[in-house]
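Put chain B on the given structure of chain A with help from the hints.
Chains as they are written, first to last, in UniProt numbering: chain A, 1 to 276; chain B, 1 to 286.
Hints were generated in silico from the structure; no laboratory data involved.
One or more of the hints may lead you astray.
As the list claims (entries may be wrong) - Incomplete in silico selection of chain B near chain A, CB under 8 Å:
| hint | residue |
| --- | --- |
| 1 | T6 |
| 2 | P59 |
| 3 | G60 |
| 4 | V77 |
| 5 | A88 |
| 6 | I90 |
| 7 | P107 |
| 8 | F109 |
| 9 | L251 |
Claimed, not checked - As a list, the in silico DSS-like pairs of lysine-lysine whose alpha-carbon atoms are at most 25 Å apart:
| hint | chain 1 | residue 1 | chain 2 | residue 2 |
| --- | --- | --- | --- | --- |
| 10 | B | K92 | A | K164 |
| 11 | A | K8 | A | K70 |
| 12 | A | K116 | A | K264 |
| 13 | B | K92 | B | K182 |
| 14 | A | K164 | B | K182 |
| 15 | A | K264 | A | K164 |
| 16 | B | K182 | A | K106 |
| 17 | B | K182 | A | K10 |
| 18 | A | K103 | A | K10 |
| 19 | A | K116 | A | K164 |
| 20 | A | K8 | B | K92 |
| 21 | A | K104 | A | K168 |
| 22 | A | K10 | A | K106 |
| 23 | A | K104 | A | K116 |
| 24 | A | K103 | A | K116 |
Claimed, not checked - What follows is a set of in silico ranges between Cβ atoms, one per label pair, in the way DEER data are often shown:
| hint | chain 1 | residue 1 | chain 2 | residue 2 | range |
| --- | --- | --- | --- | --- | --- |
| 25 | A | L190 | B | P234 | 54 to 62 Å |
| 26 | B | E141 | A | V194 | 57 to 65 Å |
| 27 | A | P191 | B | I73 | 44 to 52 Å |
| 28 | A | Q63 | B | R3 | 35 to 43 Å |
| 29 | A | S45 | B | I201 | 42 to 50 Å |
| 30 | A | E57 | B | D178 | 52 to 60 Å |
| 31 | B | Q177 | A | S234 | 39 to 47 Å |
| 32 | A | L24 | B | D178 | 55 to 63 Å |
| 33 | B | V99 | A | K168 | 35 to 43 Å |
These numbers come from a predicted model, not from an experiment.
No residue lacks a Cβ here, since even glycine has one placed at the ideal position from N, Cα and C.
Given next are the chains, with one letter for each unit.
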Amino acid sequence: MTLTQQRKLKTLLVGLASWTVALLLFFPIFWMFITSFKTELQAISVPPQLFFEPTFENFSIVQERSDYLKHAWNSVVTSFGATLLALIIAIPAAYSMAFFPGKKTKDILLWMLSTKMLPAVGVLVPIYILSRDYGLLDSKLGLVIIFTLMNLPIIVWMLFSYFKDLPKEILEAARMDGATPWDEMVRVVLPLSVGGIASTGLLSIVLCWNEAFWSLNLTASEAAPLTAMIASYSSPEGLFWAKLSAASTLACAPIVIFGWFCQKQLVQGLTFGAVK
Amino acid sequence: MKRSITRLLMAPSVILLLAWMIVPLSMTIYFSTINYNLLYPGRNNFVGWMNFEFFITDPGFWIAISNTLILLISVLVITVVLGVALSALIDKPFYGRNVVRVLLISPFFIMPTVNALIWKNMMMNPVYGIFAWISQTLGFEPIDWLSDYPLMSVIIMVSWQWLPFAILVFVTALQSQDTEQKEAAQMDGANGWHIFRYLTIPHLARPIAVVVMIETIFLLAVFAEIYVSTGGGPGYDSTNLAYLIYNQALLQYDVGVASAGGLFAVILANIVAFFLIRAVGKNLTV
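Bound conformation, chain B alone:
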């Protein structure tokens, strides 16, 4: 009797998530095999692998794949390295620590569209932006970030958003570090670097694994920052897979090709997840 009640309590969540996963995914698979353009309705014949061929041979395809991976890896490295360093820094007592924490965490709560627009205009604008002003004051030629270094600009925006998350996780984890162990090491003559290298870093192994996992989920799907800042350009220079598919589906109305692209995104996410779980999964227990 009890068992059926507990199942009943679980049913809504499980059924909804199952539907959320299976219905759209099977539709994507179906669409990817037919000729389906929203501009030409009624011509939905089976075309086999053609959509996939079309998507792979798109000039943007390999650029988009490599941009997606460069974005992922750069942001992961920046946020984890700086995150560990900064959280170790603010873990020590100093005046106004709570205010510093609040300031450091804030960028995480800024919505992605606002993030991109602030950086694009007020920071990176080559004429009126803060960066241009700094360059000029120092006697350098201002850089046109979004046209000359579009992907790097997006990397900076996304890192600015996710660094606070890494700091937040690491600071929380450091609070549970054993202070007696540190004091004992100090007694034995260990210096600050030794303590950081041999006590703090190993203590952070698990939180680092968690941060890498979570950020990967979100970073593979970066969209809004590109949408409002560079629009994927110039050319395909800052187009990632998510943006390429969006471009195919909602700008060119080609549902078939966009679905094939969607399946590539799913496959890429699975490949990355597979390596990730092998590399960091041992640190993660439920």
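Chain A with its partners taken away, still in its complex shape:
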């Protein structure tokens, strides 16, 4: 065998192995997707059916049974609301730490990271009681507040690492022309970092959308986002796999597709800028 042939064979084998692993790991998602188009009887047939006549009735049943649209709307409102609020709070902080660093800046950043180390369950009781006393139990506003605070450290870190990479010369030029820090931020920094802010926002939306601990513990029927709605399918009622799959597909599809587009930013954000 010549060297090129050997190399070709190796590429083929690597490709084959990679595809096998990828298909295996993706299989549960694929299976959920196609089960959502089956009838309940097809869904539990042994051996499993790969080819069948698709039906769309599960989706309408899910809408009827658990009011999918209401919970989807709750997810949209809480994810986008919390993201917007967190960005508004975090942008000034990240800006001031990136462009006017003091001796304590690094300490403050590390301290923010450490607030993420605090396990949520350690403060479950007080947050539950505070929410109850202020009428925020089972309300979208309550979740927005929690999600905002939960993601604030990650958002500050991500924005900080974007701002830090902006060319300093532009700011100095603006300063020469007599711009105040506020002008600099609004007129110079923000327009230059639209991309960075957008991907930070995407990451935050993904994290809020999939958040389950607080959603399960602080909401009931009214404000429950999709994560909590799906949990109501955990107690089986007769044949329900096709409906479960339909509900799950509806709940996950938007965010999985969202995720494909922002993988890179996700890594950067979740590793606090340590891996780029």
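Chain B in isolation, oriented as in the chain A frame:
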């Protein structure tokens, strides 16, 4: 003048996070020392260490601690080992690499409740599940995963979720590996294993440290997967600390004992963080 403006810009974030940390935590500390059950209001007398004693002597306590640690360590080992191997595999060029990447990364975006329900029903169900079908086809007795191996089932679900994250981080890190160095090693007669062992692994030291840190934060708090799949059972077999506290607080309404448990969770997180930072912290610079 400038300094006060920058402080003003930082103030909202710092104040909010400070409040987010201090207010609930001090309430937890206070609740943990009083008799406080939501079913019997108005009897909130000081009880000292009693809640802690109660929580430690709960039959589930040590099981929950060990389950929490087994879950943490198993998932870390699985995701890091497989993550390094798979990212090294897909780092090489082959046909359809981008599609493979997208497929591999997808489980990370599936919400935890959906994850647990797909696995519990469609994969692990002992009668109609895919695993049961595979076992039967191969001539084995199907396994009832959730009743016979509850903790392992949860480990599989959580690993499936976090393996893509590890792959994603390692693939990103491998792209910055020096190709000239690899070519030079090849010229000198190094084989694939040597390159992997002496160039790739050291290059990945920092990303591995990062993955371990981040996953630890999330894995100590695994909750939804247990909540919808096993409900902590059978018995306490798949109860971790987070689930035990939830059980105490929102199912038995005992705020005092649950708060004491919450403090244990905080302490455990701090112990793990301490060892972690000593073990891997040197690889992590801001």
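Status of the hints after comparison with the structure:
| no. | hint | verdict |
| --- | --- | --- |
| 1 | T6 | holds (4 Å) |
| 2 | P59 | violated (19 Å) |
| 3 | G60 | violated (14 Å) |
| 4 | V77 | violated (17 Å) |
| 5 | A88 | violated (10 Å) |
| 6 | I90 | holds (5 Å) |
| 7 | P107 | holds (6 Å) |
| 8 | F109 | holds (4 Å) |
| 9 | L251 | violated (11 Å) |
| 10 | B:K92 / A:K164 | violated (32 Å) |
| 11 | A:K8 / A:K70 | violated (53 Å) |
| 12 | A:K116 / A:K264 | holds (21 Å) |
| 13 | B:K92 / B:K182 | holds (13 Å) |
| 14 | A:K164 / B:K182 | violated (32 Å) |
| 15 | A:K264 / A:K164 | holds (18 Å) |
| 16 | B:K182 / A:K106 | violated (36 Å) |
| 17 | B:K182 / A:K10 | holds (17 Å) |
| 18 | A:K103 / A:K10 | violated (53 Å) |
| 19 | A:K116 / A:K164 | holds (22 Å) |
| 20 | A:K8 / B:K92 | holds (12 Å) |
| 21 | A:K104 / A:K168 | holds (21 Å) |
| 22 | A:K10 / A:K106 | violated (47 Å) |
| 23 | A:K104 / A:K116 | holds (19 Å) |
| 24 | A:K103 / A:K116 | holds (23 Å) |
| 25 | A:L190 / B:P234: 54 to 62 Å | holds (55 Å) |
| 26 | B:E141 / A:V194: 57 to 65 Å | holds (59 Å) |
| 27 | A:P191 / B:I73: 44 to 52 Å | holds (47 Å) |
| 28 | A:Q63 / B:R3: 35 to 43 Å | violated (56 Å) |
| 29 | A:S45 / B:I201: 42 to 50 Å | holds (46 Å) |
| 30 | A:E57 / B:D178: 52 to 60 Å | holds (56 Å) |
| 31 | B:Q177 / A:S234: 39 to 47 Å | holds (44 Å) |
| 32 | A:L24 / B:D178: 55 to 63 Å | violated (32 Å) |
| 33 | B:V99 / A:K168: 35 to 43 Å | holds (40 Å) |
Of the hints listed earlier, those the structure fails to meet are numbers 2, 3, 4, 5, 9, 10, 11, 14, 16, 18, 22, 28, 32, in rising order.
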